[in-house]
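*Asks:* This is what each chain is made of:
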Amino acid sequence: MSDAAHRAWLEAQLPVLVDAGLIDEAAAAGIRAHYGSPEDLAAQRRNRLLAIFGSLGALLVGLGIILLVAFNWEQLSRPMRTLAALLPLVTGQGLVAYARARRADSTAWLEGTALATFLALGAAMALISQTYQVGGTVEGFMLVWALLGLPLAYVTGASLPALGYLACVMAWAGLRFGAPRLPAYSLLIVLVLPPLIARLRADRSSSRGALMLWLLTAALLEWMALLLDDLPQAWVLPALAAGLALIYLADGIVEPRGAVGLWHRPFQVLGGTGLAILGLLGSSFGFDLWRAAELDALGPAQGLTLVGLLLGAGLLLWRADPERRQAKLGLGLLPASVLLGTALTGLGAADGSDTGATLASLLLNLHLLAAGVWQIALGTRRNSLALANGGLGLVLLLVFFRFFEADLGLIGRGLAFIGLGICFILANVFIARRMRP
Amino acid sequence: MIPGRWFWPAFGLMVLLQLALPGRMILQHEQTLRQGTEHRFKTAPVDPYDAFRGRYVALGFPDTQARPSAELAALDEAERQRLDTLYATVERGDDGFSSLGQLLLAPPAQGDYLRLPADRVSLMPGDGPARVDLPFDRYYLTEGLAPEAERLYRERRSADAEAGQAWLLVRLRAGRAVPAGLYIDDRRIEDLARTPGD
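Residue numbers (our numbering), protein chains in the order written: chain A, 17 to 453; chain B, 63 to 260.
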């Protein structure tokens, strides 16, 4: 039910409660004041719509200007093109000043003008590059655009230029991907954190807050990929598992609390999905995830990276409040199993056999199965359908993948399925006994 | 948002910064176009696309080698890694086309030269000729003209070995190069693409 529907329901219920003598008129008025009048809600909705349409309008106009610029108006003289390049930028800057002076309380004006200026900046640089035949790569262009646009996020406090900056920086790192970009990328991400965190503190639960969190999570994932790019192949899996667990477990710090949907939980969604995919790939007996994994020695920085990620994930799990810790235990502990699997594979590879890799896959199967069952049991105990369904989903995916795995013989698969079925029946009996009054 | 009284000074600084960089680019390129020396570089155009800056022809150059100076050749690998900028002299040949001459650690006292970021130069061991990735690697055209320009170049090139000679007119000043025109068979590419039969 939407806020408006909740409010309408409450409005209908209050006279009934007063008539029934459960609350008096004063209490009803107090409740109305607490949740805001229908007019307040309508005004809020109107402002939100204005902000969305204002931002979308600015985005479309800005992108349209970039496309017009990209056409290359060779009929225009150089001074005219220079003027055409700078005019949208100066207009945008003027509108930002106007928004601050006259419309300081309007999110639509603030976000719309800041975004339009950010895009006009890109258009100006593009047209000047075109006019003077400036060479250089697309990623170099994105970096200069990002750095020149960043002050908009600080000065106006709007979230959209910060998001634009983040998108440009991610494109810069992604277009020429490699570990040497890591220090600069880290610094570039840190540069945008102050305005981003300030905005998130103000409205983490809004759609804009959710958008910021999704982009921030994506930027963190890219940072982690750059970090892992330098590691020897065998150590990438435990480091990746630890990094994903860090993101998965950091949701309690970054994401809004309370009953919000998955749209507001990118850390949990992306971290959890990443861990589940990694676990499922690692649990496959036919997939080459554990192959070619001789344990090469790690350099000091590489060792520190791996230990740091593992300790970080462990610390987050340990420091989480008991309720969250229990709920996240299954996937949160996956890095430990992946590390053990890596060690087993490495030891096996040293002898030239596949036994270590097979044991590692078996270990991951057991881990995912235990994690799924644990989550189902926890969900049942807490009456949380989401938790129980998450666990059930994990187990079903595991079963689905194993059923179709051609590398396992029919007899092996048959026995494994019977064993699994018995485990489920036993778990069911156990849960039913525990829930008996 | 930057609070109260700090907003306007911060806003002013932001506006200055956002206008200063494009402004500086415009100024430097205008000066080079107006006062720079003309050089022609033989080239071969192909037609790619840049989502932000539009359609252009990418320029490939047949001869981009430069001889390292004695000082440069004497540097060991670690010293070469630390290099930030190099300078290549530009020499005009008897056929009227220019090519790179010597690769230096500092700008030459006289004559035209190109200022090159070190990562655009692939040095060979010792005094072997270095390969230079020239800084003018694209020429922007309107959406319709760029593919047409490439087609014309290919057609003329395959029809007659002597025809389809493409060259880029570049103006050089204080190490900076600004392309001033792309020509095929001595005709500006914009004119040629519009009226190929003339």
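Derived by calculation from the structure, the hints in this document are not laboratory data.
Positions of the beta carbon are idealized from the N, C-alpha and C atoms, including for glycine.
Incorrect hints may appear among the rest.
[Claimed, not checked] Taking CB as the label site, the calculated pair distances span:
1. A/Ala317 with B/Gly243: 58 to 64 Å
2. B/Gly155 with A/Phe193: 51 to 57 Å
3. A/Ala183 with B/Ala82: 55 to 61 Å
4. A/Phe416 with B/Ala82: 37 to 43 Å
5. B/Gly243 with A/Ala241: 42 to 48 Å
[To be verified] Output of the computed footprint for chain A on chain B, the stretches with three or more beta carbons under 8 Å from beta carbons of chain A:
6. 64-72
7. 87-101
8. 152-164
9. 168-181
*Asks:* Hint by hint, say whether it matches the structure.
*Replies:* Status of each hint after checking the structure:
| no. | hint | verdict |
| --- | --- | --- |
| 1 | A/Ala317 with B/Gly243: 58 to 64 Å | violated (50 Å) |
| 2 | B/Gly155 with A/Phe193: 51 to 57 Å | violated (41 Å) |
| 3 | A/Ala183 with B/Ala82: 55 to 61 Å | violated (24 Å) |
| 4 | A/Phe416 with B/Ala82: 37 to 43 Å | violated (59 Å) |
| 5 | B/Gly243 with A/Ala241: 42 to 48 Å | holds (43 Å) |
| 6 | 64-72 | holds (count 3) |
| 7 | 87-101 | holds (count 5) |
| 8 | 152-164 | violated (count 0) |
| 9 | 168-181 | violated (count 0) |
Checked against the numbered hints listed earlier, the structure breaks hints 1, 2, 3, 4, 8, 9; every other hint is satisfied.
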